[in-house]
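Number of protein chains: 2
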Amino acid sequence: MKIKKLIAKVLLLGVGFIPSQLLAQTSLPLHENLISFNSSQGETLLIESNARQDYIPLSLQFETQENLAFCGVASIVMVLNALSIPAPKATEWVMYHRFTQDNVFDNPKTEAVITKETVSRQGMTLQELGGLLKSYPVDVEVYHGDEVSLEEFRQEIINNLKQANDFVLVNYLRSAIGQERGGHISPIAAYNKESDRFLILDVSRYKYPPVWVKAEDLWKGTNTIDSVSQKTRGFILVTSQ
Amino acid sequence: MKIKKLIAKVLLLGVGFIPSQLLAQTSLPLHENLISFNSSQGETLLIESNARQDYIPLSLQFETQENLAFCGVASIVMVLNALSIPAPKATEWVMYHRFTQDNVFDNPKTEAVITKETVSRQGMTLQELGGLLKSYPVDVEVYHGDEVSLEEFRQEIINNLKQANDFVLVNYLRSAIGQERGGHISPIAAYNKESDRFLILDVSRYKYPPVWVKAEDLWKGTNTIDSVSQKTRGFILVTSQ
Ligand SMILES: [Ca+2]
Ligand SMILES: [Ca+2]
Ligand SMILES: [Ca+2]
Ligand SMILES: [Ca+2]
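Quick note, the sequences are listed as chains L and P, same order.
For the first sequence, position 179 (counting from the first letter as 1) is numbered 178 according to numbering that gives the first Met the number 0, and the numbering increases by one without interruption.
For the second sequence, position 192 (counting from the first letter as 1) is numbered 191 according to numbering that gives the first Met the number 0, and the numbering increases by one without interruption.
No copy is singled out in the list; a pair is fine if it fits within one copy or between any two copies.
Derived SDA-like pairs (lysine to any residue); straight-line CA-CA distance at most 20 Å:
id	residue 1	residue 2
1	LYS161	GLY41
2	LYS213	SER39
3	LYS88	GLU62
4	LYS88	ALA68
5	LYS161	THR43
6	LYS88	LEU22
7	LYS161	GLU42
8	LYS192	ASN49
9	LYS213	ASP145
10	LYS108	GLN20
11	LYS133	GLN24
12	LYS108	LEU22
13	LYS213	LEU33
14	LYS161	ASN37
15	LYS161	ILE46
16	LYS88	GLU65
17	LYS133	LEU22
18	LYS192	SER38
Read the hints as simulated data drawn from the structure, not as lab findings.
All figures in this text were calculated on a predicted structure; none of them were measured in a lab.
Please model the entire structure based on the sequences and the hints provided.
Here it is as structure tokens:
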């Protein structure tokens, strides 16, 4: 019987079909300082938020970063689609124009900032994130973590989250907010005043759900040094022109 | 000057880089019988819904069908991920397990239902949608449009939308609800009683936003003949085992 199973397995391998083992979907456990958006408490924080103008437009464009280095690329694509910026053709949809994590690089101006290959290897810095966004018709304001106080950080982002047609991307060190582990980029969708927390729509959906994070923890996460740029991380405000 | 531009253009072509023209992102215009979810009215309908248990889990897994024929595939992936069903490895994310529109076919049981190649050519019927779902550990109830009254249609779906850990996929004729044009599949995320409308999280995000559609229009859209199966379309309830 065991031998029959072995033969069956060999035959299966022989025809080139190796079924991938089905394993539990992550996500990694959440630190006690974070609140999952996918919980009744997480939902309540959104309902009671008075700075959630960006939530629906961003959630409609939510997508997963296509590889471990593409958090910035997925974040750019979500924001450009949410702003309905004129887009390249996407061959997979024939006649429809829309940004993808592939065609967003089909623009001569992006090459001058950073190539797709370099991003695939090392991700991108805050400056490169701003530079890629500027290769499309949007206004971009870049703030490094060491340039703003907690109060300025909170207020700039809240102002944006209260109005339509602009969005916030944040670049932070995950370990500063209790996550695994390095630098990361995602859009911010809402702010809850009572708990003083921001909602991050984390684009690494294979790894973590969106979380509500304390404003102070996120601010500290932006005031960390990116070893590639030797500058602090930070956040970017993106506005339709 | 014109010649210089022409030469520059030829050189650009010469090095093999043809920038795609940036064009307005769709979406197609919405019929007056539909309400876009991405509007203040659409948001209000969700806030006032008392059958929206499935909205957040589905919205967190929202993704775009990867080609014009993959509406059913994207819908299956959203639901399997929302239910956290054990998943194959996704090579792009190295060690993380999660369903994608590619790896959902990496299962010997799916081949017996329909191949990826056939789906790419002609999409899938309601029966095939149910069959693909059954190749994973979920309970599946298939309802054809001609088997249920409007009242039964409405009530079965509302019951599901009021509880967690199960989801609804609907297979309808777009033209019956005022859209372009053939058969389509997407998850339903919520119901609003006062307006008697369902919220469809349309997976063809390059084409239409999510819409609130009248229950009667959607029911009529399911009571239409799929030319491949020669049976009516319908809806499917998917439950975690
Ligand atoms: Ca400002
Ligand atoms: Ca905003
Ligand atoms: Ca039932
Ligand atoms: Ca449900």
